[in-house]
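First to last, the sequence lines map onto chains A and B. Under the working numbering, the first residue of the first sequence carries the number 1, and numbering increases by one thereafter. Under the working numbering, the first residue of the second sequence carries the number 1, and numbering increases by one thereafter.
Check before you lean on any hint, since a few could be wrong.
Copies of the same chain look alike in the list, so a pair counts if it fits in one copy or across any two.
List of simulated lysine-lysine pairs, DSS-like, C-alpha gap at most 27 angstroms [unchecked claim]:
1. K602 with K244
2. K230 with K615
3. K695 with K508
4. K688 with K413
5. K111 with K688
6. K336 with K534
7. K88 with K508
8. K111 with K230
9. K135 with K602
10. K350 with K161
11. K111 with K235
12. K602 with K235
13. K615 with K689
14. K534 with K153
15. K688 with K184
16. K615 with K88
Just so you know, these hints were derived from the structure itself, not from any lab.
2 protein chains.
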Amino acid sequence: MKNFLAVAILIASAIQPTGLYADEGMWTFDNPPRKQWKERYNFDPSQAWLDHVRLASVRLNDGGSGAFVSATGLLMTNQHVASGQLQKVSTKEKDYTRDGFYAATQADELKCPDLEVNVLVSYEDMSRRVQGAVKPGISDKEANEQRKSEIAKIEKESTDKTGLRSEVVTLYSGGEYWLYGFKKYTDIRLVFAAEEQIGFFGGDYDNFTYPRYDLDVAFFRVYENGQPAKTEYFKWSASGAADKEFVVLPGNPGSTNRLLTVAQLHYQREVGNPLQMKVWTSRRDALARFAERGAEQARRAGPASRSFENSIKRLIGQQEGLRNPRMMAKKEAEEKALRDEIARRPELQKGYGGAWDEIAAAYRDYPEMARRIAFSTLTPSRVDLFGTPFGNPISRQATIAAAIVRYADETRKPNNQRYGEFRDSNLESFRFSLLSRAPIYPDMEEHLLAAWLEEAQKTLGANDPFVRAALAGSTPAAAAKRAVSGTRLADVDARKALIEGGADAVAKSDDPMIVLARNVEPVTRELRAWLEEKIQSVETSAGQKLAEARFAVYGKSVYPDATFSLRLSYGRVLGYEEDTTLVPYKTTFYGLYDRARSFDEKPPYDLPKRYREGKDKLDLSTPLNFVYTADTIGGNSGSPVINRNAEIVGLNFDSNIQKLPNRYWHVEENEGGRAVAVHSAAIIEALKKLYGAEKLVSEILGH
Amino acid sequence: MKNFLAVAILIASAIQPTGLYADEGMWTFDNPPRKQWKERYNFDPSQAWLDHVRLASVRLNDGGSGAFVSATGLLMTNQHVASGQLQKVSTKEKDYTRDGFYAATQADELKCPDLEVNVLVSYEDMSRRVQGAVKPGISDKEANEQRKSEIAKIEKESTDKTGLRSEVVTLYSGGEYWLYGFKKYTDIRLVFAAEEQIGFFGGDYDNFTYPRYDLDVAFFRVYENGQPAKTEYFKWSASGAADKEFVVLPGNPGSTNRLLTVAQLHYQREVGNPLQMKVWTSRRDALARFAERGAEQARRAGPASRSFENSIKRLIGQQEGLRNPRMMAKKEAEEKALRDEIARRPELQKGYGGAWDEIAAAYRDYPEMARRIAFSTLTPSRVDLFGTPFGNPISRQATIAAAIVRYADETRKPNNQRYGEFRDSNLESFRFSLLSRAPIYPDMEEHLLAAWLEEAQKTLGANDPFVRAALAGSTPAAAAKRAVSGTRLADVDARKALIEGGADAVAKSDDPMIVLARNVEPVTRELRAWLEEKIQSVETSAGQKLAEARFAVYGKSVYPDATFSLRLSYGRVLGYEEDTTLVPYKTTFYGLYDRARSFDEKPPYDLPKRYREGKDKLDLSTPLNFVYTADTIGGNSGSPVINRNAEIVGLNFDSNIQKLPNRYWHVEENEGGRAVAVHSAAIIEALKKLYGAEKLVSEILGH
């Protein structure tokens, strides 16, 4: 019943009606939305402003964004972005996820085992070079290989020349290629984390909910050569976010699919999303069963459980969007308008007019293969991706084994023929992650691996090639037990030995986890080849045509889909209407205590002791969270919310439920979609009054 | 998106899943839901318990319910139920609606001009007598007259014998007739009222909203012979409403339409509700234009404006229900099930099977007449009723004039042939209301009367009989000016003289308001006759058949539609799921301050001075409002919420938006429909700490 009263109720005169601005887009730094900024907000920043913002913004390779907030490497992000590292530095005795953490001195800061942080220091347009490398008249598959080869070359040259982590980023579905150079930090230490119970107050229920009352904040410090790194940084706003204020959000939105064709959206709705849901719910349920064994098991399963609940809830919201006939009709109308315009112009029709049908044709065989592709792996991530060592592994050791086996195969090939993640430019980061000393819990690994293999067997059948290769005649439980109990991969030196021993050492290894990974590797490779040839190469070729068609019709007034690289979003701080009432632009600490007491402080609405007992120390009217219209998505977690002076007014950590379909299209301001942030004032108030973190506050405020 | 995650999200273990109880029904005291109470809540009250509850419960004839809370006539109800009287005892200088009121001593209590309070002291089944009075084989119209005549006789006999206000109440659409005897109080004095801004915090936006933060409370004292009346009363619970607690709600639900046939529901959806909306929005808009003239005009228009906003919002919610295909399909399935069952049993089919078609046939001509019926009156109430002097008059003087003209015509007839409201048993209450000394504002009367006549002219056309009779050749503005500027009806003695002068005095009167009322009376009477003959008599005859059919199939396990007479509702205190999160069973004062601060205290989220400045005196964790599953509707405002010991745990004042379609059917517990109450603890906390009303608190708590 959202907004059904919008026409029937007069807006109270003291509260302005929401406008119809579209604060849309996740814009690259080479193409900021200057026109919109100028027209809507009278904002016209200098290049120095843009450079400053870019250099003070970071990407955390655990999957999130952050901001430098002092000249000596202090980095602010969300508690939930930090949660993977928090769990890795915690033990049964010291649970920093539960209890929070504060290092009163630099000596107390805790080194993170495998966190890498990137700062975008250079960018260069390589579209002509990559697109020009494709010879005319060849197949999509060959074109794909030629592009990949050229990309590998560019990245290698850049790494050799600059020493930067160099990535060619594909934008506009292949319409543009940009070489991004990242300064990379790997010595990252934990300075502060709020208790999970306040970072994630209300748990999964209140996730994607607003009004909201979370202090989802953590601080790291970035070191270089054993010393705090000297960093460009954001100053802190004295007052924080105000009603209707214009804000900018630099950050790394993970992935959107706004340039998908209607045929691709139908595939997502009918096949892709339901399959993704099946994978995630089966993995969540396996974690839940493990967590039931006891408190320590629940602690170990915690971050992954939270992550899956989050993903599932987001997926449901996205799928609701695809199922909404009104929203889909709008998407169909947009596609039709572009196709009609192309058809009217023969020169465009000739070059680009067939792209939609090419994609539709390619997708015809996809549903049949999709289940195999989703389950035929030891390292499932999103169902359409392979090989990322990040995210929530089923078993860290299985992930390590798969990575070692693949590394051995790939690094024998010339650089430009490898899988992207094994190109020379990525190997340093790959090794950093592979050789992490983060703890491994064999009981959890065995439980989850067995559950995964069982699910694969149930879904694909006993005669499926992956299932046969993984089980080798035994049961899922037995196969998991054999692999986990016999493996030596918990030992970092054992991993190093295999990597350094090369293909031969890997081929000869009798480590049962390596054996398992070796057995399934051919199946995984075959499916990846199918996916690249039949789907991805067509998507890239057709995507480039669609991008060029769009540029031809609309100019570069559009922004590319998100790619977990640095972008600028913007908007204004703004409440909205829901059902028949108003949702305020901000919440306060009063609301935190109201919500806790309203549930008699039963979980997930219980408060950390510090908050329960420290209530009277706080000014309860301090703003706690707020909402704004900026276009964000997962990956933007931890993005600073800044004002026109590039001062921090908040810390982005979530979206409301109305906004979730924005994977596929921008959710309009009057549809109630909003991003949610921690207010800057709440961070200072809590650090000072509840955590006694005066020193940290002084550093932030620059006193 | 309500509840769309219900299947996807595991309920947090500490919070119990909502059950599927149906705490349905507004039960008469002769037929309490003993079976459900016993089975679901192990509650089996004595007859003494029921009698006690009945005698401590009251009906306020302004439209609402209340409860005695001391042995000396202290009566608790909502501030919004009291608001009509508050406005009548306020002046430009002393605005008790805005500022609230507290009489520290009995001498300070303010006498209300025209509030009548009824207590149900006796009830007797008269079904056989009324139904038996109808001779077989006559027309619906004749049957209707015979029933009405018998009802008049019963009421007269009772009044003469008992001195009680005696009403024959029609239940189950004519399935039963009960003689209710009310003890009547008319000397009612104001003891306490909260400021409207806290009684109605969040204004129309937060009306029908939950979570909610309103102290919607007022106290009157009932006097008899100039002394506080000795009354049966409810004790106060020490702890107030708790999570999952069983509660009972005695009160006077105004009107439901749950026994309507599908044909009648279609009429409501397509014709009745849109027409009602037109009437109410035009009247609201006229009030808004008047209020714009200044602060004093806004004060005068206040209660009626609030009442129309409330009615409109409720109507929208009801209409949403009728437009919901899933809900209507359920209703259609229910009707089909009963019709099929009747059809299977020849003896039932013969007697009752035709009733649905009779109603459908009668309704065929209704749409055409409905607009005339709605607008051809000087005293519009609901569009399908005439003649009630209550509610929000267009002009009090026009209402008085119409009542006098009608009184003169009706009282010439024998008692059993009169309109119901002029039967002898009702005349004392009628005179009390007619001779009220409540203030009259001629500027407002003229403005609203002109607006109403203009709307009638626009809707019905210049040649319509009512429009011609009302305007008599002039414009709406001129007609209104002539009537209001010339009338002497503001003088109570002038009214008395006309009433006492009888038909002759009324016929000869040259008072221009009386002339206006006389002119339109024939049109109004003609339409009322049409409605009674063509619609209501068919509804009653067919309704009796349907009721008997229902009794035959289901037994008396059903409850009658609401009739603004005393009923028992019940349920349990219970939160619910909304969107993807949990809504708590209660709120606290923390939440009040959060919501005010979240909007920077902009109206309608500003706080009364007392609350702004007295915050630190309050225990903010005190429960403020709570929700529960009881079946309620407008008229239940002011009902006490009591526990199994008949102690007050709360004060009912609203429903949430999910519950509004319950005019037509019971909204299930898992659909999130809830009644909303002020928590008993909040009343005590505020009276003590903010209002210094220690004496009132002592009386309530019995110290």
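(message) Within, between, both or neither: how does the pair K534, K153 come out at a Cα-Cα threshold of 27 angstroms?
(response) Close inside one copy (24 angstroms), not across copies (89 angstroms); limit 27 angstroms.
(message) Reference check for the pair K336 and K534, CA-CA at most 27 angstroms: within, between, both, or neither?
(response) within (25 angstroms within a copy, 54 angstroms between copies)
(message) At most 27 angstroms between CA atoms: does that hold for K135 and K602 within a copy, between copies, both, or neither?
(response) neither (65 angstroms within a copy, 65 angstroms between copies)
(request) Please work out whether the CA atoms of K695 and K508 approach to 27 angstroms or closer within one copy, between two copies, in both situations, or in neither? (result) neither (55 angstroms within a copy, 91 angstroms between copies)
(request) Have a look at K615 and K689 and pick one of within, between, both or neither, based on CA distance no larger than 27 angstroms. (result) Answer is both: 9 angstroms inside a copy and 21 angstroms across each meet the 27 angstroms cutoff.
(request) Classify it for me, K230 with K615: is the Cα-Cα distance of at most 27 angstroms met within a copy, between copies, both or neither? (result) Result: close neither inside a copy nor across copies, 37 angstroms intra and 47 angstroms inter.
(message) Treating 27 angstroms as the Cα threshold, decide for K111 and K230: within, between, both or neither.
(response) Result: close within a single copy only, 18 angstroms intra versus 77 angstroms inter.
(request) Could you place K602 and K235 in one of the four classes (within, between, both, neither) given a Cα distance threshold of 27 angstroms? (result) Neither. Shortest intra-copy (38 angstroms) and inter-copy (30 angstroms) distances fail the 27 angstroms Cα cut-off.
(message) Checking an output row: K602 and K244, CA cutoff 27 angstroms. Within, between, both or neither?
(response) Answer is between: at 14 angstroms across copies they meet the 27 angstroms cutoff, but 35 angstroms inside does not.
(message) When Cα atoms must be at most 27 angstroms apart, do K688 and K184 count as within-copy, between-copy, both, or neither?
(response) Neither way: K688 and K184 sit 32 angstroms apart in one copy and 63 angstroms across, limit 27 angstroms.
(request) Could you place K111 and K688 in one of the four classes (within, between, both, neither) given a Cα distance threshold of 27 angstroms? (result) Within one copy, since 24 angstroms is at most 27 angstroms while 55 angstroms is not.
(message) One pair to classify: K350 and K161, alpha carbons no more than 27 angstroms apart. Within, between, both, or neither?
(response) neither (41 angstroms within a copy, 98 angstroms between copies)
Hint violations for this structure: numbers 2, 3, 4, 7, 9, 10, 12, 15 and 16, all remaining hints satisfied.
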